[in-house]
Amino acid sequence: MELLVASAVGVLTASGVYLILRLRAFPVILGLALLSYAVNVFLFSTGRLAINAPPVLQAYGDASYSDPLPQALVLTAIVISFGMTAVLVMFALGAYLEAEDDSINMTETDETETTGKEGEA
Amino acid sequence: MMKRVFPHPLLSLALLLVWLGLVNKVTPGNVVLGAILGIAVPFVTGPYWPGRPMIGRPLRVVEYIFVVLWDIVVANFQVAAIILFKPEKNIRSAWVTVPIELTSPEAITVLAGTITMTPGTVSTMLSADSSAILVHCLHADDPEAVRDQIKRRYEWRLKEIFQ
Amino acid sequence: MSHWIIAPVVLPAILAPIIAFVMRYDISLARTASFAGTIALAAICFGLTVAAAGGETVSYELGNWPAPFGIVLVLDRLSAVMLLLTSVLALVVLVHAVATGWDARGRHFHALFQFQLMGIFGAFLTGDAFNLFVFFEVLLIASYGMMIHGGGKVRLQAGLQYVVMNLAGSTLFLFALGTLYAATGTLNIADLAQRVQGLPVEDAALVRAAAMMLMIVFAIKAALFPVQFWLPATYSNAPAPVAALFAIMTKVGAYAIIRVHTVVFGPDVPVLSGVVGDWLMPVALVTVAIGAVGVLGASRLMPLLSFSVIGSMGTMMVAVAAFTPATTAAALYYMVHSTLSAAALFLLADLVLARRNGDRLRAQLPTVQNGLFAALFFAGAIGMAGMPPLSGFLGKLLILDAMQATPQMTAAFVAILLGSLLTIVGFARAGSVLFWKSTGLAPAEPAPNPDDGEPQELADAPAPAGVMSVAPTVAALALLGGLAIFAGPVSAYLGAAADQLYDSSGYISAVMGQGTEG
Amino acid sequence: MITYALYFAFGCFGLGLLFNLWRIATGPENADRILALDTMVINIIALLILYGIWQGTTVYYEASMLVAMVGFVSTVAYCRFVLRGDIIE
Amino acid sequence: MELATDILISFFLVLAGIFGLVGSFGLVKLKDTMQRLHAPTKATTLGVGGVLIASMLYFLLVKGSLSFHELLITLFLFLTAPISAHFIAKTFVQARIKESDLPPTGREYGWSIHDDPPLVDDDRKPDE
Amino acid sequence: MTNGGSLLPIIALLPFLGALVPGLMIRAGRNACATFTAVPTIAALAMLGVLTPDVMAGEVLKAEIEWLPQLGLSASFFLDGLGLLFAFMILGVGLLITLYARFYLSGDDPMGQFYTYLLLFQGAMLGIVISDNILLLLIFWELTSLSSFLLIGYWKHLPEGRQGARMALAVTGSGGLAMIAGMLILGNIVGSYNLTDILAAGDVIRASDWYLPALILILLGAFTKSAQFPFHFWLPHAMAAPTPVSAYLHSATMVKAGVFLMARMWPALAGTDAWFYIVSITGLITMVLGALIALFKDDLKALLAFSTVSHLGLLTMLLGFGTEKAAIAAVFHIINHLTFKAALFMTAGIVDHETHTRDIKRLGGLAKFMPITALIGTVAALSMAGIPLFNGFLSKELMLEEAAHTAWYQNDWIVPALATLGALLSVAYSLRFIFHVFAGPARDDYPAHPHDPPFGMYAAPALLCVLVVAIGVLPGLAYPMVKVAAQAVTGQELNFYLKIWHGVTPALIMSIIAVVGGALLLGLHRPLARAWNAAPRPEAKAIFDALISALVRLSRGVTDGLHNGAISRYLAIFVVSTVGLVYVAFSGGTLSPPTREMLPVPPVVAVGYVLLIASALLVVLNHHNRFRALVLIGVIGLMISAGFVYLSAPDLALTQISVETVTIMLLLLALHFLPKTTPRESSVGLRLRDGVIAVAAGAGVAALAMVFLLRDFDPISDYHLANSYEGGGGTNVVNVILVDFRGYDTFGEIIVLGIAGLTIFALMEALLSGPAARRLRNTDYSRDRSRDRHPLMMVVATRAMLPIAVMVGVYIFLRGHNQPGGGFVAGLVISIALLMQYMASGFGWTQTRQRLEYHTMIGWGVLIAALTGVGAWLGGAPFLTSIYGYIKLPLIEKFGLGSAFAFDLGVFLTVLGAVMLMLYSLSRIARYAGETVNVEPMDYDPSGKRELKKPEGE
Ligand code: NA
Ligand code: NA
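Listed in order, the protein sequences are those of chains A, B, C, D, E and F. Residue 83 in this note's numbering sits at position 83 of the first sequence, and the numbers go up by one each step. Residue 160 in this note's numbering sits at position 160 of the second sequence, and the numbers go up by one each step. Residue 266 in this note's numbering sits at position 266 of the third sequence, and the numbers go up by one each step. Residue 1 in this note's numbering sits at position 1 of the fourth sequence, and the numbers go up by one each step. Residue 89 in this note's numbering sits at position 89 of the fifth sequence, and the numbers go up by one each step. Residue 79 in this note's numbering sits at position 79 of the sixth sequence, and the numbers go up by one each step.
Be aware that a few hints might be false.
[To be verified] Here are the simulated BS3-like pairs of lysine-lysine, each with C-alpha atoms no more than 25 Å apart in a straight line: (1) E:LYS63 with B:LYS25; (2) C:LYS437 with F:LYS541; (3) F:LYS297 with F:LYS361; (4) B:LYS89 with E:LYS29; (5) B:LYS25 with F:LYS888; (6) F:LYS325 with F:LYS541; (7) E:LYS31 with E:LYS98; (8) E:LYS63 with B:LYS86; (9) F:LYS361 with F:LYS541; (10) E:LYS63 with B:LYS89; (11) F:LYS368 with F:LYS297; (12) F:LYS541 with F:LYS297; (13) E:LYS98 with F:LYS676; (14) E:LYS31 with B:LYS89; (15) F:LYS894 with B:LYS25; (16) B:LYS86 with E:LYS31.
It should be emphasised that the hints constitute simulated quantities derived from the structure, not laboratory data.
If we strip away everything but chain A, and leave its shape as in the complex, we get (with noise of 0.2 Å):
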């Protein structure tokens, strides 16, 4: 079970990786996704493997459990991922619309920006 888990680790993070390194925001997105799954079993797994052995105390006998405490942990990691993820998606709806191009990577430097020529309040 341990090189089960170690090796979809693995893989989900060779899939990551392979995807962020494309020239366009949407497999980019998808990569960091694979990503975040390959950090989150990663994470949760520091804990060891266990089966049946979920974290919920039980009035009775001295069961075992699984460690809780890299679950709490991943379950904070998604959520945070969760709304980053949202973000980025956000980001690269709003940088094509902009732009008609979804390279993720930028093609002209232009001209800053930043500053409005809105002047003073």
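Got chain A; can you put chains B, C, D, E and F with the ligands on it based on the hints?
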């Protein structure tokens, strides 16, 4: 007033049951909580269900359920046989148009759902004015018969349920 | 236990939603609240800095759970200084953003601003490795919002890259934390320090890998080679007040390196030999070079400033990489300086560029207040290039002086001094083109480059900058002056902060001492 | 006996997953892929419940319920995307 | 009694397994997308249904606790599966089947993916 | 500290305070401005005057103000003879320049700026000469570079001014940086940056291994500043500055800073072969070369500039000799050079000002029109030539005398010969200044009609000429000053005489050769100049410019090449360096043997694994078809969720599957507007490269995971398991960790979500008010669409599903503390349920029935969570401390309720609000793209039970 508090009394009851099913334990506390939720949740979701479906004859509902369940079991075996044993070239699929008289959206939905859930037929879509269902039959030697059976076994009963 | 230590996190956390959701249609109300909050934060941070001066490391056990099982906040001199610096910078930036109307050019500026502060404060205060990740994310996601405030094509493209790079970094952060937990079984920084120190040598591989990953993660934030690439496009395209606020963001990375790689992966931890010490120095040296070369080669103002930020990070990290109390103290002084000087320059750039066509370094008709802007730019450039009388010069002297006791002295001297030279030349070229050469263009003259497609004259003559618009830039520069004048006491504080860092037993006992009942 | 029946059922649904994978990989229609995913969801629900029986615990049932719910929503979303482009109009 | 229980539960498990497998096998075996659409209904109905019944029986008879969760899951599946199939079918029809290849509706309006719905204030429906 | 010493900081500060004066006074008029600018200088001079007797008596005045003790930097000042001499020069000439500039600058020039820069410069110079701390000296040193940059570039509209300023800054700045290094090393050798300490530690310094580097670095600073070969080229270009600047900086002060520094550091650094050869050779070469170039310069100021270079070389050479007599000569020549050179510059300025040209070829015969100027110029030039009875003669004689006794590498004649040559050339260009400008026939083609300027303008040079003659005739006048200064240089008590006649010495013979030869040379000037101009010679400015622009081009190339905007490459570099570095770090440590057995793999799990791996690979293979990739992502999410269930993480499974769904929704919403396919752009090589990188990263991560999965550890989570129920009041330990043990993480996490919602909303608003909005409007997204938007069946199913889903959400929320679930999953479940509603009946219809505002929901969520945490303060407990209790109501079994519940409610609301706000934002964009708002919940309701109410709002 009552309508505002209980937009869907039947729904409230159903939700109470759902709640008890969820908590899987019937205790006074759960009943109270389920009742509260049964009232509160439709109150929140009520606006999304503007019209109230009229259920005419509850016994018919039970009957309908059993008819459908039976049909499902039977059809499952028939279709399993088709998939497993019938050579590809012998499978004769067909499109069937089933004109419907039902007007209640709920009734139409149940009909279409029933068609789909009984293996061998899939309700693909409605006509734009919801007056016909396009059904795809996996294997039908006589498409007319399929249509008639649908109308006879299901539509007729549904018409009675949703008057 | 005093609750003030959590106030820098909780106050903006409460204020931001109120601004975002109650005051979102009333910019003046939002401004008032934002100001009030930021001033209060500055006061609180000042109080905390004073409180930390005594040298006692204070630990605050959130949820009343003993360390290392819950999350702790830790206030020592270093974190106090970071808080104070951030809050002062925030105040300056906020005045600018409001005075120039930047805050009204998009939605939710003030809410994002407060959230941004919250994230930064949280990162400086936390005593927990995973919580550091969480607050990194808070400050990052707020920075994403700030970065694209106002919108625009190039800004969005740059923002997209910024997000992608940081998401990659965050992923690595999680890999690092996972490895760390897998190897040590804990997340609390003090507990980590204890466990790493007691780690058997034959089990070092995992911790070493984790330490390296963490360093790379922090290096991304600190814009160190070879993960600095994101910075120029980001800073160049961020709204100027945001770029000014971002001056502290690179320092978060530097702070994390200083914190984690002294307390936990200190240079004296035998199992970690060669992990960070051997790599950070060359990396910092190359960063100095990249920054300096970038400044010299810049053909636009915003990238020039951005590269100067990279250079200053490199300079600072050279000192950090030597890992001695003296170099760290010098690095901290330089950090305070470079934060403020970067902010001053970005704010000034905003004032200037609002009155110019684009930021390309070429002569245009002199704008209103050319003399004022030239003077401010001169001062800012002096600050950034590390020339007297502003604090950069002292910072550089402190670093070089402290570096003399280290084996990397020669390399550090060459890199920092040559870097300064290129930076000076770069700034001199830029300033003379922007502000001096323009005075040679007669107003009636047609555009010198009519075929480059850009109108030479703005449609409407831009209004001169008001007092309140210029004030933040001046204030930031004045702070550089103040930092130079009061270099003695400031340096004493920072030196004490560095000593505190290298005596990690104080940190560990402050955090772990109370938690023995677990 | 239940154990062997469980083995059998596990095997059937497991094999079913592989068939689903085949369909998802080869398509050829978008509909085929969505269909395969939908079926996969159903097979997973079955497997989760089987696992619950196997372990004698009900702690995993919420997962199945949730899978049922979100499986439906995502199937609809995929279809709406193909049909209308905009899944929320 | 125990044997009967075991047999009963095992029966449902085996039945479920068979229909679940047939459902997925149909996905591979059937050649036409529209035909394949029929397959998962089995996995849903007798497949998952069998598992759910087995589970209810198992917990009731072996563990001695009545579980309603299975009923809820069933309810969910029966509510949603037709809609899923409906959408998937439409997806395919829209992409691959010409309007003329479908049987006519026999009514005023065509099939819903091809024809706009009647206007809300349509005079032809005078039932206000 | 003596009493007098306390004046020193004030003297040092006065010019800087004074720099504020012009800005304040300029509105009062130019005269007032000039007058008041003089005040601080006069005040400083007066104070200096007060201190002079003490210094002349051999006392060294000191003052120390602590500044940065950690660095060894203090604001320490001391005044000895050398400092006094220079301070007088700086202030005295400064005063004269102030006067002169008042008349020189035109009405168009911003005079206030000029005086401000001038005073800044004056303060910086003054600081250099009275600093008793070498770091402080460095500060003033750099300040002179900066303020001279401003002064040289004063006429900023002139390209020569800007370029000259930049060149000066670059050259002197780089020297300054070298000097920083040198000074720091020096301080490190001595253990103090205090100048007094350093000067007293000469033996230690010269014995140190670091002596040579320190010496070279410091000399670099001095040589660049004093325009020594090969750094001499910047000085002539600095002549683009207004003439008062040239007169001040380039005769009296700044260029002498290098000389001053060498004199200052003499006791510490001189006395070695290295010093002797480096300094004297450099000086001698500079002297000869500068004089040679000066002879052929036609620009008056250029001639003077190169003459200055030459004289600085002379001074450097003298200091390089390292003897006491040479030091005396140097000090004396410093004074003399100051007097005649400042006068000459001012004369040149007057000529320029009156004739509007500085080109010697266009001048000549001016003595007729401007006799006073001619007189002044002649006197000063004769002094420069070293003609007896003028002060230049005296110090030149001393120089020649020293040169005559100096040998290089046992060669006795080369130094005297070259020194004589330098003197000869000096005579030649000095005489040229007289004869080609003032003497000769009057011309009628001057660009402007020349006449003597007003008194104010020639007063300053005239005064200097008086000094030239006075010292020239009565050298004893200068004796006390020279003595005290030379003693300060050498650190020795010196006894000597300054006299005109020393008898027939080698120096006199050399002098005569020089004068005669110089006169002859001038006679041959015309043919020589032709030959000079025809001869190829390196043009320093061109070389410098080429060098700088090559450097800039190179920098630009490197920068643009590295930061080319290709994040694909940035990421590749990031991944490669991470993998490499982590590998190095990892393999530098060792591993103990594994302690854990691997768990068995049931076949079904293996199947799930195959599905997961296959889907991941299929995503990579199919990523060009974006929709297909999304479906496959769905499979991966499903498998991972199932895996979490199998591996005892039900909470993770719930969260993963629901997050996954929402994420896919977001991606689908976005993909609607994006291209549906990804073009195949990367070359095979690139793909191969990326593949290798990817595999390396994957293998690394897998190996890392494998390493720890096979080894036991001692986690802190035993505590959480043990205390979850007692301390946290829940049996679902993961949830208790989330809302209690590590509630602070969760607090941060919901804020991330809230910010995400805000950011997306803000971006949506920005997009809809920019060009993107037009593009959206003009693009037709509705081609080939199905015609049913809100199918009846879906709507009906949703009506039944929604309440049930909400119940499930509530259930999952309420049980979360004890069983898998919790606020986060519940929030997502409700979001998904609402999403279903949105999909069924459309955005517009649903939105108008929405009773809760998503913005507000996020706000409440964060606030509730925060206030729950703050509530603990009331009990004196830290932020987020939970309270927990059991409540007993009649008829109902007791149930537990805790603050963690409220906290989880905050989580729930934030999640719900954020997710819905995100979807709302994306839907807004869709609506902008031409989607119509549906009025009815479904496309067509055959029962006629239609809602006819128009939606409010949009
Ligand atoms: Na069916
Ligand atoms: Na059917």
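Inset, instruction - Tell me, in ascending order, the numbers of any earlier hints that this structure violates. - result: 6, 8 and 10
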